[in-house]
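Visitor: Sequence:
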Amino acid sequence: RIQMSSSVKRWLAAGTAAAVALLGVTATTPSASAAAAAADGTKAANYIVRNLPDKSSVGASISAALGLASTSDCTYAPALRALVRQLERNAKAYLYEGRKLNQARAANLAIVVKSLGLNPKKFAGYNLVSLVTKNLPGDGRIGSSDSAFSQGLAIVALDRAGATIPVTLLTKLLSLQDDSGAFGYDAGGFNADPDTTAVSLLALHAIGELDPQLDEAVGWALAQQQGDGSWPNDFSPVDSTGLMGSALATLGHDMSSATAWLAGVQNPDGGFPNSLEAATASDVMATADALYLINGTSLLDVSLNLGKCPKNPKKLPASTASCTGVWVVVDRGNGEETVRCAKKYGNGIEALKSAGLLVGKDGSGYLNRINRFPQVIEPWTPSSKYWSYWHATQNADGTWGDWQEYGVGAAGSTPAKGEAEGWYWKAYTGETTTTDFPTPPDGYETAPTPTIDNTAPKVGDTLTVTVGDWSPMPDGVKIRWYRSGKAIPRETGETYKITKASYAKAITVKVTVSGDGLQTVSKTSDPTARVTR
1 RIQMSSSVKR
11 WLAAGTAAAV
21 ALLGVTATTP
31 SASAAAAAAD
41 GTKAANYIVR
51 NLPDKSSVGA
61 SISAALGLAS
71 TSDCTYAPAL
81 RALVRQLERN
91 AKAYLYEGRK
101 LNQARAANLA
111 IVVKSLGLNP
121 KKFAGYNLVS
131 LVTKNLPGDG
141 RIGSSDSAFS
151 QGLAIVALDR
161 AGATIPVTLL
171 TKLLSLQDDS
181 GAFGYDAGGF
191 NADPDTTAVS
201 LLALHAIGEL
211 DPQLDEAVGW
221 ALAQQQGDGS
231 WPNDFSPVDS
241 TGLMGSALAT
251 LGHDMSSATA
261 WLAGVQNPDG
271 GFPNSLEAAT
281 ASDVMATADA
291 LYLINGTSLL
301 DVSLNLGKCP
311 KNPKKLPAST
321 ASCTGVWVVV
331 DRGNGEETVR
341 CAKKYGNGIE
351 ALKSAGLLVG
361 KDGSGYLNRI
371 NRFPQVIEPW
381 TPSSKYWSYW
391 HATQNADGTW
401 GDWQEYGVGA
411 AGSTPAKGEA
421 EGWYWKAYTG
431 ETTTTDFPTP
441 PDGYETAPTP
451 TIDNTAPKVG
461 DTLTVTVGDW
471 SPMPDGVKIR
481 WYRSGKAIPR
491 ETGETYKITK
501 ASYAKAITVK
511 VTVSGDGLQT
521 VSKTSDPTAR
531 VTR
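In the numbering used here, the protein residues as written are 1 to 533.
One or more hints might be untrue.
[Unchecked claim] With a straight-line cut-off of 25 Å between C-alpha atoms, the simulated SDA-like cross-links for lysine to any residue are:
#  : residue 1 : residue 2
1  : Lys43     : Trp390
2  : Lys353    : His391
3  : Lys353    : Trp403
4  : Lys43     : Trp400
5  : Lys343    : Glu419
6  : Lys505    : Val459
7  : Lys505    : Gly493
8  : Lys426    : Gly188
9  : Lys426    : Asn305
10 : Lys510    : Ala456
11 : Lys417    : Lys505
12 : Lys417    : Ala456
13 : Lys523    : Thr462
14 : Lys523    : Gly363
15 : Lys505    : Thr495
16 : Lys361    : Asn347
17 : Lys100    : Gly188
18 : Lys315    : Asn127
19 : Lys344    : Asn305
20 : Lys92     : Ser56
21 : Lys385    : Arg50
22 : Lys311    : Leu358
23 : Lys122    : Gly162
24 : Lys385    : Arg372
25 : Lys353    : Tyr389
26 : Lys311    : Gly515
27 : Lys523    : Thr399
28 : Lys43     : Ser72
29 : Lys417    : Thr462
30 : Lys385    : Lys343
31 : Lys426    : Gln404
32 : Lys311    : Lys523
33 : Lys497    : Lys426
34 : Lys314    : Ala396
35 : Lys92     : Asn127
36 : Lys315    : Ala501
37 : Lys314    : Leu300
38 : Lys478    : Thr446
39 : Lys43     : Ala249
40 : Lys417    : Trp403
Bear in mind the hints are in silico, worked out from the structure with no lab data behind them.
Just so you know, these numbers come straight off a predicted model, no measurement behind them.
Given only the sequences and the hints, what does the whole structure look like? Please build it.
Guide: This is how it looks when you write it as structure tokens:
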């Protein structure tokens, strides 16, 4: 499909002297002694879902969508559809920043649209494929400056769309490869760059017939890999390792050491940092690039056809922060989770239903859906997902112990009051390990009953409540006064001046506390004696 004359083909095949010198040379691959380690792709994808980019951040939204698409898992379809809506709304501003078409952005958008099974020739009112080469200058440069990254993106986008690739795109790309084999960009001089080389490798692989140039770039890439399996980058070694590792894996190279390195730098929240400095927070774009390598995909083949995914399953009920029975935690493994309370809990099935969750079973009675999720049940394979069933108990200080997987099915379990039931949609591994899904909100180590300073009040007296010292300290405290069990209108302060309406009634006060990550708990004082005159 590339527009290439026979003379140009011969010139390209000849390569440079450096390329010929590298032929037949095998670069040393870093040790994969940590290859047994595995980065958690599900946790990484879940991190992205929980931290979807701002609606105006189109570039970050594209990265997030490609990262989720790399899972090939329809579980993430709801988040991807939300990202597609963002891209549709902001396409014009993204493509025509400053009212001038940016062909590299058109290529970037075309890649993600195609990856999601949508039509890049009809997206948000644009033919993205034609925009990639619109107003292409004679030298084939994409964008306003010489960048092999932009050239590579354009070639990948056109290849994925099945479009003709102008030969000038390729000649410009090859002009940005130096004698070392690296690709880069011009910034007052040539700058070799691993991310750019990774995208260029994929572009050369897509075109084919370019073995000398491809071998030269591969040789440089392998020589830059560190002993720990990573690729250095002043901005983000995670980005570079994900992009370069996935490109080399596409070409058939063993990237187990790079995958193991990613496992070692993954943050507890599932994301990956864009810097290796201590306590660096996770970053969506770095996490998305890491997912290419983790999931065995690249920009050339990342794919999740939204048209084949079911429509959004019924949403989970809203979470709750108070419970007098057992807690029920449901985590779909895609960032959608809820915490509910079940007042009936003779077994796990009854607890689910009491928490307002629909339960689906297969022909043998095996639980396979919770609240209509997943909507499509695929034939079982060793990598299939299922609803794993867990439980946890609360510690004396109000925090929660580790989740433990049940040894019996939900129909045979016997939850105890105050415990937590957990359901986690996960891949079958045959192993019993603690999952990372959320626990209910923490309780309180100290939860005192409020007291009233006057237990024999008279009409006209002012009563004062003592809330007491709660631990941990709640963020919010609400107070409500009662007479003989009925709420007194507008009396929600720390004091209450007794009126004639309370004569011969006993007074109580209820304190309700709550906080971020804490349960909502109410405590009621002992009643006073009946109010006298």
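Visitor: Would you mind marking each hint as holding or not holding in the structure?
Guide: Checked hints:
no.	hint	verdict
1	Lys43 - Trp390	18 Å, holds
2	Lys353 - His391	17 Å, holds
3	Lys353 - Trp403	21 Å, holds
4	Lys43 - Trp400	21 Å, holds
5	Lys343 - Glu419	12 Å, holds
6	Lys505 - Val459	10 Å, holds
7	Lys505 - Gly493	19 Å, holds
8	Lys426 - Gly188	50 Å, violated
9	Lys426 - Asn305	21 Å, holds
10	Lys510 - Ala456	18 Å, holds
11	Lys417 - Lys505	34 Å, violated
12	Lys417 - Ala456	37 Å, violated
13	Lys523 - Thr462	21 Å, holds
14	Lys523 - Gly363	47 Å, violated
15	Lys505 - Thr495	17 Å, holds
16	Lys361 - Asn347	16 Å, holds
17	Lys100 - Gly188	24 Å, holds
18	Lys315 - Asn127	34 Å, violated
19	Lys344 - Asn305	41 Å, violated
20	Lys92 - Ser56	12 Å, holds
21	Lys385 - Arg50	20 Å, holds
22	Lys311 - Leu358	17 Å, holds
23	Lys122 - Gly162	15 Å, holds
24	Lys385 - Arg372	15 Å, holds
25	Lys353 - Tyr389	15 Å, holds
26	Lys311 - Gly515	35 Å, violated
27	Lys523 - Thr399	19 Å, holds
28	Lys43 - Ser72	15 Å, holds
29	Lys417 - Thr462	39 Å, violated
30	Lys385 - Lys343	29 Å, violated
31	Lys426 - Gln404	15 Å, holds
32	Lys311 - Lys523	44 Å, violated
33	Lys497 - Lys426	57 Å, violated
34	Lys314 - Ala396	36 Å, violated
35	Lys92 - Asn127	12 Å, holds
36	Lys315 - Ala501	47 Å, violated
37	Lys314 - Leu300	33 Å, violated
38	Lys478 - Thr446	17 Å, holds
39	Lys43 - Ala249	22 Å, holds
40	Lys417 - Trp403	16 Å, holds
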